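Peer 1: Residue numbers (the working numbering), protein chains in the order written: chain A, 3 to 349; chain B, 3 to 349.
Some hints here could point you the wrong way.
A pair counts as met if it fits within one copy or between any two copies, since identical chains are not told apart.
[Unchecked claim] Once the Cα atoms are required to be at most 25 Å apart in a straight line, the calculated BS3-like pairs of lysine-lysine come out as:
hint: 1; residue 1: K223; residue 2: K72
hint: 2; residue 1: K121; residue 2: K281
hint: 3; residue 1: K24; residue 2: K223
hint: 4; residue 1: K72; residue 2: K154
hint: 5; residue 1: K121; residue 2: K152
hint: 6; residue 1: K121; residue 2: K154
hint: 7; residue 1: K281; residue 2: K15
hint: 8; residue 1: K223; residue 2: K154
hint: 9; residue 1: K72; residue 2: K152
hint: 10; residue 1: K223; residue 2: K15
hint: 11; residue 1: K24; residue 2: K281
hint: 12; residue 1: K281; residue 2: K72
hint: 13; residue 1: K121; residue 2: K24
hint: 14; residue 1: K72; residue 2: K24
hint: 15; residue 1: K24; residue 2: K152
hint: 16; residue 1: K152; residue 2: K281
hint: 17; residue 1: K15; residue 2: K154
hint: 18; residue 1: K15; residue 2: K152
hint: 19; residue 1: K154; residue 2: K24
hint: 20; residue 1: K223; residue 2: K121
If you are wondering where the hints come from, they were derived from the structure by calculation, not from laboratory data. The model shown is predicted, which means the values in this text are computed figures rather than measured ones.
There are 2 protein chains.
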Amino acid sequence: MSREAGVSESSVKQIVLASRPKGPPTAENFRLEEVPMPALRAGGLLLRVLYLSLDPYMRGRMDDRKSYAKPVGIGEVMIGESVCEVVASDRPGYAAGDIVLAHTGWRTHAAWDGPASRKLDPALAPITTALGVLGMPGFTAYAGLYVIGKPKAGETVAVAAASGPVGSLVGQLARMVGARAVGIAGGAEKCRYATEELRFDAAIDHRAPNFAQQLAVACPKGIDVYFENVGGAVWQAVLPLLNTFARVPVCGLIAHYSGGGQVAGPNLLPATMREVLTKSLTLRGFINYEFSAEHFAPFLRTVAAGLADGRIRYREDITNGLENAPAAFIGMLEGRNFGKTLVRVAH
Amino acid sequence: MSREAGVSESSVKQIVLASRPKGPPTAENFRLEEVPMPALRAGGLLLRVLYLSLDPYMRGRMDDRKSYAKPVGIGEVMIGESVCEVVASDRPGYAAGDIVLAHTGWRTHAAWDGPASRKLDPALAPITTALGVLGMPGFTAYAGLYVIGKPKAGETVAVAAASGPVGSLVGQLARMVGARAVGIAGGAEKCRYATEELRFDAAIDHRAPNFAQQLAVACPKGIDVYFENVGGAVWQAVLPLLNTFARVPVCGLIAHYSGGGQVAGPNLLPATMREVLTKSLTLRGFINYEFSAEHFAPFLRTVAAGLADGRIRYREDITNGLENAPAAFIGMLEGRNFGKTLVRVAH
């Protein structure tokens, strides 16, 4: 990667929400625009985006319904976190050439006068990890598993999207406390990666016709922690395997995001509530940042140490060019990514 | 109530499960039998049942499916807890005339050689309270509300079956910590009882056509703790009112027990999971006895004190005669009881 600090560009590319998707998003829901380069604001930074993070939660922001954050408006730039280079700074402590983390959205440059940006040291870890294993996805895995799930040695932890940035860390963190890690992923290659590279104890292909049966075989002592990031059919296969007092941190429901057929019957709610009742289950939804104040620093220490000594591994799925972000995002929602989805915006 | 201690009877009446209900139970699912009086067993007690407790969980035991306890077999005596008088004792510390709590099931007499029975002091509290406000239903309310729900002053607690033995105590315990108590009950009389006698802040009739709207009005600051003991349509009305970080102890799902139409679509699970996720909800199923070791003694102290100084009130719905237990049970599942459902077996 070559970075041309201080290069002068006259315009900024950005991707806006052109229309709201009905079901899975398509290319037509996005529009690439070119706008004038913003000026450096008083007390702010002028940023050039190097890497943009694409994450499943962004799908929710494309809908016009109340969630934990307000939706992206039609014609507004898609939201997102990125690793940026400081082009110009009017903020003490930041200088041109610094690498920072910022919520710029899907654009090539941004004038930033928001809260303090976390400065990254490229010598400590590859800067892209701040969007993955050492960033929001990694902390989601850490907080959900260790703060809510609390697996004990000998227990079984199951997680879907096991080759993705959250799931892959959930399994590796589970093994670090002596739990059995069972991954669920789409396709033989991702399953092989989970067991051979990430050292999950087992990985099951959710596309297999006898998926539920295979999952049961992989969890001979049931499931004590199910880290829920997909919902849908995987949840239905997990539900009968949950042990009494099992914990279910819920950090995402990618299978529901585009609403495909989920409202048609049968009504699966009574069966879920019955298991909650008779097995004394805990279901706990969460957003990673509710735990930041107390747990972000120990997370960074734990995962950085795991990366350093090889107990933790990760994989990135990098697409080149901001103009290709919509296709990469759509592919990620369909499970076509393999590892943390990133867009290399400047190169 | 007159009790003729030591009266000699030649036979025992008992009610057995004649057949498994399909949907709501009917009289045909039960059979009254007469069997010989059992003999006092070595180290045991011979008990005469005075009051039998009827509780919603018994409906689950009538089905042939795995739950937290094994089902009642066809031809077996219906399970249940009762307040009994000791007729004869071969157990140190127990003498004829003592009043004890035992799991005798639906019968007039029982030979008991199970675990130690809790002895009741009729001078301290009416003996029937050991089956209600000072017994399993009361402890269910206490543990679910205080251990899982943890309401704070100024928060809103909602509970259904508000005139019943669990719901009525949930609301009164909520008020004791300064929370707003909103009850849901079937019919104007039960609602009036909840507000006037039990001093709930509001009570809503779930049979009202605009029930969901009325509930929203009664919870102007949303709901922080919903004590779930009914499920079904009440849950659907509660769900949109739950605040971020709301807690939902789940102790029962009476609306689901007889399965009426619950599996027909639409599929309500995705909407519930979405709220769990976006509002960081905690759903926690529980059985009261998982908390007994740590919390039963403080429960007894707290509730006995509340009864003594009038902050806690209760109501009993007593049916006379074991032969009328099936009708009382069926009526309770339909919400026709008003207060804790008991059967006076001996009088």
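Peer 1: If a hint holds in the structure, say so; if it doesn't, say that too.
Peer 2: Now the hints, each set against the structure:
| no. | hint | result |
| --- | --- | --- |
| 1 | K223 to K72 | between (42 Å within a copy, 20 Å between copies) |
| 2 | K121 to K281 | neither (45 Å within a copy, 31 Å between copies) |
| 3 | K24 to K223 | neither (41 Å within a copy, 33 Å between copies) |
| 4 | K72 to K154 | neither (37 Å within a copy, 28 Å between copies) |
| 5 | K121 to K152 | neither (31 Å within a copy, 39 Å between copies) |
| 6 | K121 to K154 | neither (35 Å within a copy, 39 Å between copies) |
| 7 | K281 to K15 | neither (52 Å within a copy, 34 Å between copies) |
| 8 | K223 to K154 | within (13 Å within a copy, 38 Å between copies) |
| 9 | K72 to K152 | neither (31 Å within a copy, 29 Å between copies) |
| 10 | K223 to K15 | neither (53 Å within a copy, 43 Å between copies) |
| 11 | K24 to K281 | between (37 Å within a copy, 23 Å between copies) |
| 12 | K281 to K72 | between (36 Å within a copy, 13 Å between copies) |
| 13 | K121 to K24 | neither (38 Å within a copy, 64 Å between copies) |
| 14 | K72 to K24 | within (18 Å within a copy, 47 Å between copies) |
| 15 | K24 to K152 | neither (38 Å within a copy, 40 Å between copies) |
| 16 | K152 to K281 | both (17 Å within a copy, 21 Å between copies) |
| 17 | K15 to K154 | neither (48 Å within a copy, 49 Å between copies) |
| 18 | K15 to K152 | neither (44 Å within a copy, 50 Å between copies) |
| 19 | K154 to K24 | neither (42 Å within a copy, 41 Å between copies) |
| 20 | K223 to K121 | neither (44 Å within a copy, 40 Å between copies) |
Checked against the numbered hints listed earlier, the structure breaks hints 2, 3, 4, 5, 6, 7, 9, 10, 13, 15, 17, 18, 19 and 20; every other hint is satisfied.
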